[in-house]
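Those protein sequences? They're chains A and B, same order as listed. Residue numbering for the first sequence follows the working numbering, beginning at 1 and increasing consecutively. Residue numbering for the second sequence follows the working numbering, beginning at 1 and increasing consecutively.
Quick caveat, the hints were computed from the structure, so don't treat them as lab data. Wrong hints could be hidden among the right ones.
As the list makes no split between identical chains, a pair holds if one copy fits it or if it spans any two.
Listed below are the simulated SDA-like cross-link pairs for lysine to any residue, each with C-alpha atoms no more than 25 Å apart in a straight line [claimed, not checked]:
1) Lys419 with Glu474
2) Lys520 with Arg553
3) Lys419 with Arg642
4) Lys419 with Gly756
5) Lys747 with Glu474
6) Lys747 with Glu194
7) Lys641 with Ala751
8) Lys419 with Asp643
9) Lys520 with Gly447
Number of protein chains: 2
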Amino acid sequence: MAPVGAALWRSLCAHQVYGANTDVGKTIVSTILCNAVNHRNAEEKSAFLKPVSTGSLDEADDRHLQRHAPNTLTKCLYQFDEPVSPHIAARQKKFTIPRDDEILSSVHKTLSSWAGNGVSFALVETAGGVHSPGPNGNSQADLYRPLRLPIILVADSRLGGISSSISAYESLLVRGYDVQSVLLFWDDYYQNHEYLGNYFRNKSIPLVPLPPPPRRPQSQNSDSQARDREALDAYYSSVAGGVDVVSLLDELALRNTQRIEYLEEMASRAQKTIWYPFTQHHGMAARDITPIDSAYDDFFQTYTPEDSGQQGKLQATFDGSASWWTQGLGHGNPGLALSAAYAAGRYGHVMFPGNIHEPALSLAELLLQTVGNPRLQKVFYTDNGSTGMEVALKMGLRATCDRYGWDASQEQINILGLKGSYHGDTIGVMDCSEPSTYNQRVEWYRGRGHWFDFPLVKLSQGIWRVEIPEVLRESLGADQELPSLDAVFDLEKRVSSDAGARYKKYIFDTIEQLVLEQGKKFGALIMEPIILGAGGMLFCDPLFQRCLTDVVRDNPRLFDGTKASSTESYPQGDLAWSGLPVIFDEVFTGLYRLGRKSSASFLGVNPDIAVNAKLLTGGLIPLCTTLASEEIFNAFTSLEKRDALLHGHSYTAHAVGCQVAVHSLQTMNQMDGNGSWSEFKNDWKQPHTNDEFRPREGLGVWSVWPHRLVRDLSYAESVDGVFAIGTVLSISLKDAQGAGYTSTAAKGLQARLTAGGPHFNVHSRVLGNVLYLMSSVTSKKESLREIESLLREALL
Amino acid sequence: MAPVGAALWRSLCAHQVYGANTDVGKTIVSTILCNAVNHRNAEEKSAFLKPVSTGSLDEADDRHLQRHAPNTLTKCLYQFDEPVSPHIAARQKKFTIPRDDEILSSVHKTLSSWAGNGVSFALVETAGGVHSPGPNGNSQADLYRPLRLPIILVADSRLGGISSSISAYESLLVRGYDVQSVLLFWDDYYQNHEYLGNYFRNKSIPLVPLPPPPRRPQSQNSDSQARDREALDAYYSSVAGGVDVVSLLDELALRNTQRIEYLEEMASRAQKTIWYPFTQHHGMAARDITPIDSAYDDFFQTYTPEDSGQQGKLQATFDGSASWWTQGLGHGNPGLALSAAYAAGRYGHVMFPGNIHEPALSLAELLLQTVGNPRLQKVFYTDNGSTGMEVALKMGLRATCDRYGWDASQEQINILGLKGSYHGDTIGVMDCSEPSTYNQRVEWYRGRGHWFDFPLVKLSQGIWRVEIPEVLRESLGADQELPSLDAVFDLEKRVSSDAGARYKKYIFDTIEQLVLEQGKKFGALIMEPIILGAGGMLFCDPLFQRCLTDVVRDNPRLFDGTKASSTESYPQGDLAWSGLPVIFDEVFTGLYRLGRKSSASFLGVNPDIAVNAKLLTGGLIPLCTTLASEEIFNAFTSLEKRDALLHGHSYTAHAVGCQVAVHSLQTMNQMDGNGSWSEFKNDWKQPHTNDEFRPREGLGVWSVWPHRLVRDLSYAESVDGVFAIGTVLSISLKDAQGAGYTSTAAKGLQARLTAGGPHFNVHSRVLGNVLYLMSSVTSKKESLREIESLLREALL
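Isolated chain A (complex conformation) (with noise of 0.2 Å):
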């Protein structure tokens, strides 16, 4: 599956003709707008393109071109000899189907080839109506979507026509096409060009109604086919040169050029309007913005502009960080469109206090399901992961101090987590990470918690290695070299090990440092599982987040102050929190990013809050879900209005990012269930794995990136080390500079990866020394392969 550039040429002006029905009249439409390309200059070059053709030969389409449009180019790419849908006629033949992807090519060739040989108007003409099966049973507004070429829809003018119309018009929307034009024939009896003229007139898209061809002669001999023939001819003559017609050629020639124009301004506007986040905008210079033009499956559509002659172009482009970090079933999903347009046609929005909706009520139950955790109990919505790590840190502090009998306004009450924590930008969960360059010149930024330095997971030299810190080498002793990473997450041998002992000692003598010793009070445990994201793609020791939680449950006595002798008062069970409430940030790291549906679940822990957003939505739109056990819940009940969790946004549980997120989640949830990923799992268990640290039938780590490939790569000569868990590879380089917010030897790896192999380019990022990839769950094979090739050229 070889993705393909989208179409547009600005020597070219081509359009897709799709019908609103089957015999409406395409490729008469098309015979008028080839002639009238002539009509109005000889000297310009037109082309027909059928990809698809069902019927007999003679009566094939391009013939019909050929016979009326003489002046025309035509070519059809793939003839089946049975008037049925292209699906049907394809299985009775015995010769091979052409795969989407080829037929594709071969169309985005043609074009091209047309565009380079002075061909200035080319129709691409559809089989049939808009969903129409292609040879392969996908409908042909999907099948052709990735080109994205503008669209001339020829409405029916028959009875019923006015409806078949509009919906035709509509699926080709909901797929993100845009419709440049409606033609359709007068009939006076029915009127439809009038409704639609006006309907399409409301949208800018013009319509132009044309006089209906002549009928055709019922009997067959050849007089009345040479009739046929002339009327036809007479037909086309007469209507090319209409002022209608060849005032809408000019019309489609100028949007062609208005688009490409608009695409070469699209990044100096940008930069003199757009404050972008996370950017450095001194020194930023419009070539520095990539215009998008659409984005389909694992690849954007990007523009590269004209440059000293060269027509400038769209490529498709790798999306090598699921854009940022949300993809999940691919980009223009169809699925994920229509899902969000129902529940926009159903509800558009609903104000939450006091009410419920379905999708808000089936989300919350599917996804309480999916994570499976006993303690999650209550689902709180919020629009994105900040937002909802505000409400767990709420949710949290509020439990613990109520235990504790703190009165937080009289004194500081701290969070503990890892460094190189990132939990969002608000203010409130900026102060959960330590200070950094992040947060330096953030006015209000007060860092309110202790951060643990951390042992390190990575594959160098071809050995999984936990490197322990400076700083924790006296604690904790030497690296540790482990025999497969399965035996990094085998958490029920390691904890009972040595270094399971020596972490938890180091860790409780911190804290009991902090507590006894500096008089400080913590108010909750707030940890990224796995990985560190944004803190530079860390790896964290597993093992190291286990002890810690263990530490923390395990010792109650360790946090309460007031009450140290004795912890009998407090809530038992295995639900009940322990120590501190643990908040487990999972907006990056969970639904199947790591290839599981918790990252929870790597670490054998169940948190008592846990914050999921990102690939919940499949990549579509803000929503962001806090769950949490009923005993937190409860911490805010009273007779109090005050006492209540008074946090909400106005679009809480909103019902078109909860429906996207139902069937987001169904997906993934049934791609699990059904196998979808079981080479990717099969590529991971390693016949070199050490038999002792077999995981458990369904437990082993995986990746969507070969293993073969993170091995080779470890031993690169400049790469210091490597690990893919789920759809994430992250590279880290050697680099002399050291880890600063961008290496030199990373932005080269960036550069090369830009470039580009044969059929794609991939953008990818860089943080800090790391490069990392990072796929979408419905990422291809091939297009993984494809990667693979331009790492291995790189680097190896």
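Since chain A is already given, all that's left is putting chain B on it; use the hints.
Using the frame of chain A, we list chain B on its own:
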């Protein structure tokens, strides 16, 4: 335009029959299903309703049922005797065309009476295809949407029928319909039933293929008609008992029951899993939660549970809080839904740093142009008002600290604001409000600012009164009376009055005291212009907000601390900020909520930073913008990455939100331009307005709520004061208990509105002793009138 309840009865399984196209056999399918009901159980009653029929009476579809399903009740509401689309047939007749709401109401009444008379199965058959226009020219899919009957779609078995069937399905889906079953005729050649069967099975929609009906004889003599009838009867009796058809009936009945069961359970299931925003859950029962099945235009469809044998029912409830102040263009707006789907289909997600896409660029440009404040040059995107205000706060603090050379890590920088302000629930912006019930239980809350008491405006006993609070009497003098609302807003006059001078002196003295005596430092002035929403719909005297801004801008030496003797080094000019950056939180009050593009325009103040959300996306989807001046922007440019605004969210500038916002904003701008609100505006050009205060053309204050109503309410015994601006009506009630979070009087009025009037109930919200009502910008005068009557009954 009276609204109608959605159609739902436990005793009656009612469906709407839509066709994928005209002539696909809707009536034959209806006949089969009605016959099958009787075949299953001879005692069961079925019924068939054709709301609008075209073509000769004899050919009419209800006649067909009478002939071939003799046990079925039939009814046709409107018959037009030409076989064309109803919108054409209707205009060729000499009689009155029924309004769409009349048709809806007749359908509902008919079904209701059938439900009460033992009918267990009913079909409502549409004319033509899903988008075939009704008598008034509106698409049937839109026209019937308020009833939201579950759908039986008759698919098209002809060539091209796959496409038209799927497109028709999609058009229904994006309007929030539930398609519960698809039926179509076998065609062994085209085999559409096979393709569509798979297609719909994947969506859990059962598809039942039916044997094709006998061909109609060509000649029309009575013999052939009789044969035709016999053949049809034979056909019907062979099909009606088919296993597939009978099990479909069972399935449909089951789904009807399940839908009701779900509506019955929703509240208690929600109570089990949902943690509601701003809600004290203690003592909350399931009955306190309202299930909302759908929403359309200004109305929720709320579910009233079954009670002592009474069937549960859906009813239209006016959304009197504009769905938490978000609602602009009506719930379930198909245009907005399609815009959302278009962007979802075109892009999905586009990670924003370094990239640009059309919706984000278009919105940025359109918004800056709409707001029309020359200071505002840059657009920063976030997800909601709270995050947008966090960004505004970071912007303001940085600009001030940079200019005045303050090290904010060493000392506290405060904000200046008003008491009762609200800017969201993330902790950073909570700190921008004074200590109160809302934040006292948030452990990390630390109010950082000074908040002014201020005079309130209200209409009381027919007089517009500026009420000076007790604590300000000494400084500001006695209450003022003004002859009209326009006079209240005549700031150019009032600012130079005695009152203006007193306001300014008081403000100046206060700030001077705070800075010079208490040594406080301030980083920004933050206000909600005109109305402080969450604080209790407080209508702040606009003169006070204007004077506060003027004092801050005219006296930079008040703030700069170290440079008290000279201001010359500060940037000069119309676009430069002076004293403090002025931040306007227009999340609630902006973008036509108060009848104008910006609420800042009422004050004649151009803020340096402005935040918009809520109406921005027409009540569909979270999105927020923070607009800033070039100078503020420049405070973040340097050679250092760390100086940039390091803030962002995953879905920053998400394509779906931006596209919907462009659509929403363009629509409102058009309404503003084309006089959509002129009737409301004229109503507020009061003859008794003192000429002295007559506003300049186009600058008058107006409301959708009638001027007479507001005036009359101001005399009501239980009313303390009232005001209306734009879409907002606020009624402050006298309450012995004072203004707590809820007051008895306000709750009483709310209960009265909930009980509703002849056509609908009214959902409203209470803040303390204030009950407010808020419409969308497209609310119909008829609805508003009915609410007016309710208010008059309750209060006068």
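TODO: Hint by hint, work out which the structure violates, then give me just those numbers in ascending order.
DONE: Of the numbered hints, 4, 5, 6 do not hold.
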